[in-house]
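Student: We have chain A already, so just place chain B on it with the hints.
So the chains spell out like this:
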Amino acid sequence: MLPDTQLLESALLVVRWQRGDREAFEGIVKLWERSLFYYLRRLAATEADAWELLQETWLKTLKSLHTLRDSRALPAFLYTIARNAALSRLRSRELDNESYPENIPDHRADGDGLAFDNAEQVHHALGRLSLPQREALTLYFLQDLSLDEMADVLGVPIGTVKSRLHYAKLALRNILSPGDDHGR
Amino acid sequence: MADKPNPSADYIQRLLDAEEISPTLRRSYQSDLDAMLTPPLTPRKATSGVTLLVILLVGVAALLHNLFVVEADPLVRVGWLAFLISLSGAAFLVVRDLWLKKHSKKSQLAITYLITGAAGIFTVVAMWRGMWEPADPASTFRVLFALVFYIVCLFWSLDSRLAAGELAAREQMLRIEFRLADLAERLKV
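Protein chains in written order, with my numbering: chain A, 30 to 213; chain B, 61 to 249.
Calculated directly from the structure, the hints in this document are not laboratory data. In this text, a Cβ means the ideal position worked out from N, Cα and C, and glycines have one as well. Not one of these hints is a red herring.
Reference listing, derived: stretches of chain A covered by chain B, where coverage requires no fewer than 3 residues with Cβ under 8 Å from a Cβ of chain B:
{"#": "1", "region": "41-50"}
{"#": "2", "region": "64-71"}
{"#": "3", "region": "74-80"}
{"#": "4", "region": "146-157"}
{"#": "5", "region": "170-178"}
With the rest of the complex left out, here is chain A (with noise of 0.2 Å):
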């Protein structure tokens, strides 16, 4: 999860524009821009279109932010925003055509689970994911929703997320560690 003064800082801001000041806006931009970016180059065919679908998030997130009454939800606001842009350009429903078993237990709580110590390893095997996957692990790996908000955000029940999630990692570690089961 977000550390608690990111969070804390990010809703300071919402409120800030919220009362008026306009500056506000730049400041959510600056913290966010980054893994937004990510997330959407992960859901995007080409960096060009990336950049697009995160212009489009801030002007949709621009006009609706003052909707927003719970300041703190903002990183889910955001990514939901910008998860419904890169679908609506998405030409086939992708992201929510595959299906997997429910009630994987939670590898976040357990803490069985990453063995990606490498981060750029990891962020080019990412790409040789299937979408979902590639989708749930990259948020997972952004560590900035909790996995309650990630179903929300990917609009699909907990227990998908889970499944997913452990699939994505077996996925993931398949490829780091070909002919590893369980890259151990």
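Tutor: Then chain B, alone, in the frame of chain A:
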């Protein structure tokens, strides 16, 4: 590879740094973003601003006419003058926003305060005059009219004040929480 239960801030940073970014595309995005952050006034907002301005200017003209042409008690003149000052102030704020091509919440709030303040003074004047002319039905009507206008303005102003007050309180709470969280993080370090 070691188990990593949760990506650390450093890990996230390395992941973000691994993303290759084209400087040209970045610059193009930035210039588009800068343009977006200083948006021109939309025609809808501009129309409502111009409409309000016309109403305010008609009010100013009528009050100027009353002050310089119509004979009236000094007390009534005080009421007109108060109204003239507040309507002129509100008109100035609207013109400033239209000139700067922006829609400012602070101006909106200031306009509600100005008009409500003027309506309050107008009501007091109407009541004061009515007290000395209890037999005159016109004075009762004037008091009633002023009171209704004042109540409408009061609700408008109260609504704006409550919304602004709630946001101000939320901002203060978040500032305190932010300082505490920051302090806690420093202490951990």
